[in-house]
Each structure stands twice: as C-alpha cells, then as structure tokens.
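Below, each chain spelled out in residue letters.
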Amino acid sequence: MSAADAMYVIVVGAGKVGYYLTKQLLQEGHEVLVVEKDRKTAEALAEELGDIVMHADGCEVRSMQEAGMGRANVVVAVTGDDEDNLVICQMAKRKFGVPRTIARVNDPKNEALFQELGIDQTVSSTRIIFNLIEQQIEASQIIPLAALKRGEIEVVEADITPDSPAAGLRIGQLELPPNTLIISVIRDDHAIIPHADTKLRPGDSVIAMIKSERERELREIFASRKA
Amino acid sequence: MKVVILGCGRVGSTIASVMCREGHDVTIIDQNPDSFRRLASDFTGTKIVGNGIDEDTLRRAELDKADAFIAVTNGDNRNIMSVQLAKVRFKVPKVVARIYDPIRAAAYAELGIETVCTTCVGAGLIRDKVLGREFSSFEEYLRLGIVNASMEADHERR
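Going down the list, the sequences are from chains A and B. Last residue of the first sequence: 333 (the working numbering), numbering continuous. Last residue of the second sequence: 163 (the working numbering), numbering continuous.
Incorrect hints may have been included.
[Said to hold, decoys possible] The calculated DSBU-like cross-link candidates involving lysine-lysine, where the alpha carbons are at most 30 Å apart (straight line), are:
#1 A:K255 to A:K201
#2 B:K70 to A:K215
#3 A:K199 to B:K99
#4 A:K201 to B:K70
#5 A:K215 to B:K99
#6 B:K99 to B:K70
#7 B:K92 to A:K215
It should be emphasised that the hints constitute simulated quantities derived from the structure, not laboratory data.
Whenever a hint applies, use it, and build me the whole structure from the sequences.
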C-alpha cells in the first residue's frame with residue numbers, strides 16, 4: 107500500500123475484536139491507535155504492540171483530544187457496550203468531524219437506531235450469525251450476493267429448477283414485486299442481458315436487484331414448489 | 006402527566022416518589038429489583054425490571070404513551086442512548102438526561118437533548134453557598150464545568 111492510502115484509524119475497545127482488528131490494520135500499513143479503558147488490558151496490549159495503545163476512557167472528550175481524533179480518518183468503536191459505542195461514534199462525528207464512524211452493535215435491533223442517529227456503519231455479529239443460520243434453514247434458491255445502501259437494496263441470485271414456478275416463463279410474464287430489476291441471466295456459464303422476451307429455463311441463474319423487504323416475494327416466484 | 010423514569014438510584018427514586026405524590030402517573034425502570042426499596046412507602050406507580058436501552062423494556066413501560074422520559078442511571082452513555090431511543094422510536098415529547106460529564110452534557114445539549122449536568126450544578130451551588138451568593142443560573146453552572154474541563158485538556162496537551 108502506498109503511504110497515500112494509509113489511514114489513521116482509532117480503535118476504541120481492546121477486546122478480542124479490537125485486538126485482531128488492530129493487528130490486521132497494522133499489517134496493512136495503517137496508522138492505528140487503540141484506546142482501552144481497563145488498565146490491565148491496556149498494559150498487556152502495550153507490551154505486545156508498543157505505544158500505539160492508550161489507557162483511557164474513549165468516551166471522554168479529553169481522551170479523544172489526546173488521541174488526535176480530529177485527524178482520524180476512521181473511528182471504530184468495538185467495546186462490549188452498545189451505549190458506549192454509540193456515544194464514541196456520535197462524539198467523534200459531531201465534535202471532531204471524523205468522516206467515517208463504525209460501531210459494533212450487540213443487540214441487532216440497535217443497528218437501525220444507530221444509523222438513524224448518524225453512525226455511518228454498524229456491524230452486528232449477532233445478526234450476521236443469525237442470517238447465516240436462517241439461510242441454511244430456509245434452504246432457498248435465493249442467494250444474497252451483495253447489499254447496497256445499508257442493506258436497503260440487495261443483489262440476489264436465484265436458481266431456476268425444473269419445478270420453479272418461473273421455469274418456462276418469459277421475464278415479461280413474471281409477476282415481479284415492485285422495484286425489482288432482473289439484471290442478468292446466467293446460462294451455461296454465459297451472462298445474458300435479458301429482455302422481456304427472454305425465456306427462463308431450468309438450470310438458469312437469475313441475478314436480480316431488489317428491495318430487501320421484497321426478498322420473500324421473489325423467492326415465491328423462483329423457488330421450487332416442493333420447498 | 007405520564008412520566009417514565011429510568012434508573013431507581015437516589016435521584017431516580019426521589020423524582021419518582023415526589024412526582025407520584027404530586028399525582029402524576031409514574032413508571033420506574035431498573036435492572037435490579039432491589040433498587041425499588043429506595044422508593045417512598047406511599048409510591049403507587051409501576052415498577053419495571055429491565056434494561057433501559059432495550060426497546061422491548063421501554064415498550065413494556067408504555068413509553069409510546071408517555072409525556073416525559075427521564076434517564077438517571079449511573080451511566081452517562083446509557084442515559085444518552087435511552088433518551089435518543091425515547092425521542093426517535095417512541096416520539097416522547099419531553100426527554101431529560103442526567104449527565105455527569107460536563108462536556109458530554111454540553112455536546113448533547115447542542116444536539117437538542119435536554120441534559121442536566123449534576124456535576125456542574127452541584128459544584129455551582131456549593132460555590133455560591135460558600136461565597137454567600139444567591140443562586141446563579143444553571144447556564145452559568147454549566148459554563149463553569151465546561152471551562153474547567155476544557156482548560157484541563159489544554160493543559161495536558163501542552
């Protein structure tokens with residue numbers, strides 16, 4: 107990485123997430139400062155990582171000033187407490203104008219709230235694991251490929267099986283949910299840019315862009331009847 | 006009015022007991038059921054055991070029907086988060102948070118959250134008492150706290 111790409115990242119919370127995140131960021135050549143409230147944890151980490159560890163309460167404005175938050179490109183709050191992560195990011199954003207704030211969220215319900223309250227990005231391992239389990243259980247033929255606009259829009263892949271309701275239909279005949287766009291049809295390893303007359307065959311994969319809340323409706327159109 | 010109070014410590018239990026006696030409909034929330042022993046014996050309001058930054062707890066307290074929400078737990082950040090939850094999710098018209106840290110209190114006041122910094126108010130009142138002065142203003146007390154804290158920060162950076 108060139109020096110120009112290197113960022114100054116402040117990581118608040120030196121638990122397991124903060125620790126491995128810091129090591130990875132350092133490896134990539136970024137400038138990192140870890141702020142940890144617990145003295146013992148901070149001291150132990152400083153022995154390993156040197157003076158990039160600061161023993162302080164990351165929620166205190168004074169510690170934020172000392173940490174040089176004003177010049178941070180990214181502030182990541184990964185303590186075990188959602189309320190601390192919220193306040194760290196809000197203060198970083200509003201008091202120090204940090205361009206990008208990322209908060210770890212333990213209660214998945216807080217993700218939407220945090221975003222409404224101005225946090226740029228949230229990560230909830232609870233939700234990620236839950237989603238993985240859900241995908242397994244539902245064994246659907248709809249595979250999420252990417253989430254855009256904070257998960258509001260999804261790009262998904264759906265396989266057409268012989269018993270899919272959509273098999274044998276032209277795209278124009280499908281009763282797609284509103285705001286759904288079929289971007290491509292993958293047939294025999296070739297990507298086709300489809301039009302209304304493109305007929306779907308078993309073995310095709312359909313790539314679609316949809317509003318996340320419509321995923322279930324889309325599943326009904328493509329998923330096999332047996333499922 | 007229907008008022009929901011988060012945190013049944015010394016301050017929370019006092020507000021709850023007083024407002025209940027004054028005829029308000031009071032609900033008090035605390036994580037620890039033992040804390041409710043601080044309430045006055047004539048307290049007739051609702052007691053709810055739960056985590057105040059969990060939407061489900063606040064819904065159990067019928068926060069959607071409340072006229073006011075007061076957050077007075079020991080944690081500044083907990084208070085800050087719960088009042089924002091009350092404003093954004095439950096549209097409570099009046100929310101007040103107790104915040105010990107003067108700078109945080111000022112920062113969130115700027116964001117339109119009513120905060121009471123008991124550190125500043127306490128310090129100001131005591132100063133006035135010692136100097137034999139009349140009560141100044143809460144605004145002046147808040148200023149005292151902020152000046153102190155930021156001066157200290159400047160000093161340490163040097």
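Checklist entry - Between A:K199 and B:K99, is the straight-line Cα distance small enough, at 30 Å or below? => result Holds - the C-alpha atoms of B:K99 and A:K199 are around 25 Å apart, at most 30 Å.
Checklist entry - Taken at face value, is the distance from the CA of A:K201 to the CA of A:K255 at most 30 Å? => result Holds - the C-alpha atoms of A:K201 and A:K255 are around 26 Å apart, at most 30 Å.
Item to check | Holds or violated: B:K92 to A:K215, with C-alpha atoms at most 30 Å apart | outcome: Since the Cα atoms of B:K92 and A:K215 sit roughly 16 Å apart, the hinted pair holds (cutoff 30 Å).
Checklist entry - Given the hinted pair A:K201 and B:K70, is their alpha-carbon gap at most 30 Å? => result It is violated: about 33 Å lies between the C-alpha atoms, which goes past 30 Å.
Next on the checklist: Check the hint pairing B:K99 with B:K70 against an upper bound of 30 Å on the C-alpha distance.
Outcome noted: Given that 30 Å is the threshold and the Cα spacing comes to 12 Å, the pair holds.
Checklist entry - Taking 30 Å as the top limit, are the C-alpha atoms of B:K70 and A:K215 close enough? => result Measuring from Cα to Cα gives roughly 21 Å; hence the hint holds.
Item to check | Holds or violated: A:K215 to B:K99, with C-alpha atoms at most 30 Å apart | outcome: Cα-Cα ~23 Å, so holds.
Of the numbered hints given earlier, the model fails hint 4 alone.
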